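J.: Taken in sequence, the protein lines are chains A and B.
Numbering follows the working numbering, in which position 44 of the first sequence is assigned residue number 636; successive positions increment by one, without gaps.
Numbering follows the working numbering, in which position 334 of the second sequence is assigned residue number 650; successive positions increment by one, without gaps.
Calculated from the structure, these hints are not laboratory results.
Fair warning: there could be bad hints in the mix.
Here are a few chain A residues that face chain B, going by a calculated C-beta distance under 10 Å [claimed, not checked]:
#1 L615
#2 E619
#3 L622
#4 R660
#5 P666
#6 R683
#7 D690
#8 L693
#9 T717
All figures in this text were calculated on a predicted structure; none of them were measured in a lab.
Glycine included, each C-beta is placed from N, C-alpha and C at the ideal position.
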Amino acid sequence: MAKILVVDDDPAIRQLLTDVLELDGHEIHLAVDGHDGLRLLELTRPDFVVLDVMMPGIDGYDVLRSIRAQEGDPLPVLMLTASADPASAARGWVDGVDYYLAKPFAPDVVLDIVDSVFGQRIPTTDGTGPPERF
Amino acid sequence: MTKPKVLFVDDEPRILDGLRRSLRGKRTEWDMSFAPGGEPALELLATAKHDVIVSDMRMPGMDGAELLTRVSIQYPEVARVVLSGHTEPEAAIRVAIAGHRFLTKPTETETLTGVIDQLIVKTSGTHGSEARHIAGTARALPTLPGQIAELGAALAAQDSDPARLPQAVSLDTGLTAKVLQLSNSAFFGARPKNAGIAAVVTAMGVPTIQALVSATAELWSPTTWEPETEAFLRLTLRHAVATASLVESVASPAHRPHAHAAALLQDVGGLAALAGLVGGSPHSVDLGLGRCEGMPFRDVGVELLHLWGLPAPVTAAVAERDLPHEPAEAGLGVSGAVRVAHLLIQGIEAGDPSIGMHDDELKVLLAHPQMATRSCDWDAAAEDAWERAGKWPAA
């Protein structure tokens, strides 16, 4: 399964995401702020990043910029913001996020996103119920 | 319900015994048989309908590539897996054309059972067996004469212009499919995760690409298309290339490689049906209706991508291309991006982007923050992509 880095200064969000994503078999690494995030990006080489926008010091946009400056295959990034904030969402899209969620969010949405990127669902073409999952 | 039938072929009794032992746990799920070579394998296939064949490559007499090529012609509905140790490059290319999945010895039992379990599943509930049968006849996708010439020129220019080859491969539907299919395997150089075609081409190496181009050319060069068939092929490939080029701007950074591949492969079912038609298969194909044996091309295409084991987001985006897309607030993903680019190009093809059958849906999609926040004239971008695709292949 995927190696996921969560970068958020809110311990409640880190705990919530760890609980749901670990249950689905993913390996979770936690960074407490942007600086820590950059360090763990280098150290853990994740497959997917969940990134909070507003953090003291180095913020989410700064971390995103370093991720996008990296050579090689683009890393999927899900950005989180504190409240429905069209301005920060707009900036996120322009800067190159792949997903954007406003807090509070339903944990299932994050699971669905991660599953659509890494899951091995076999699609069906007859529209009869959910595809099989492996 | 009868159990799925799986046939294992290897000339070494020790290997067959090992498989029998390690797969004992699957006896309740699968009906397994074991053959010590190509001839006995074909005899077994003649006696009962099988679902999956797993074959070694190096065997005395008929080797794995020859066996699987014969199976693709006589029993196309049987999914073809290669399980092999070291393979000579020449044989590897032959089996690359004939096989569906490639595993190297030694392989973990879970990997092998995972692949077989996947291949037992068919993607079309209503047309499962027919779609599998038609998809199984396709070994390579049809190409326009200019495509092979373009690839040949890119290969020849490899030293002076190394960027040209990945570019040429990334516009070639058949080669993109083949490269993605093979890149899953240690046989042909392991794939970097979520990689674009350029990275995969570099990882596989120029000689392998060269050999694949030759093998494809060999399958297609004698073909002179009927005018109606060539027009269909030209239009299908132009739509694919234009959508692939446009989706590079539509998709978010991490989704670009998969969205590009899905756009290029969106009509793979029609191409596979056409391949069968030229290859002399008895299936009735209606290019106008987009149906083969009464079944939508899409069912054939999705089944083929599933057999080839392409990344799940690519296959899903092809499966969902014609379904109205309700964009998730969190982002369009691969499927949404491909749908947007497809609809935009379709609007240009129809002649006037302002009159489309999917106006309301497109309006909603273009209003999604992922699209709306980037100040881009999407109709103009689509027009540009369509024009450029018209100049391809150059030859």
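J.: For every hint, state whether the structure bears it out.
T.: Hint by hint, here is what the structure shows:
Residue-level restraint check for L615 of chain A is violated (minimum Cβ-Cβ distance to chain B is 20 Å; threshold 10 Å). The beta carbon of E619 of chain A comes no nearer than 14 Å to any beta carbon in chain B, farther than 10 Å, and the hint placing it at the interface is violated. For L622 of chain A, the suggested interface contact is broken, since its CB lies about 21 Å from the closest CB of chain B, more than 10 Å. Hint status for R660 of chain A: holds, given a least beta-carbon distance of 7 Å to chain B, under 10 Å.
The criterion of a C-beta within 10 Å of any C-beta in chain B is met by P666 of chain A, whose closest approach is roughly 4 Å, and the hint holds. Nearest Cβ of chain B to the Cβ of R683 of chain A: about 8 Å, under the 10 Å cut. The hint holds. Because the smallest distance between the Cβ of D690 of chain A and any Cβ of chain B comes to about 4 Å, under 10 Å, the interface hint for this residue holds. A cut of 10 Å between beta carbons decides the hint on L693 of chain A: the least distance to chain B is about 5 Å, and the hint holds.
A cut of 10 Å between beta carbons decides the hint on T717 of chain A: the least distance to chain B is about 5 Å, and the hint holds.
Of the numbered hints listed earlier, those contradicted by the structure are 1, 2 and 3.
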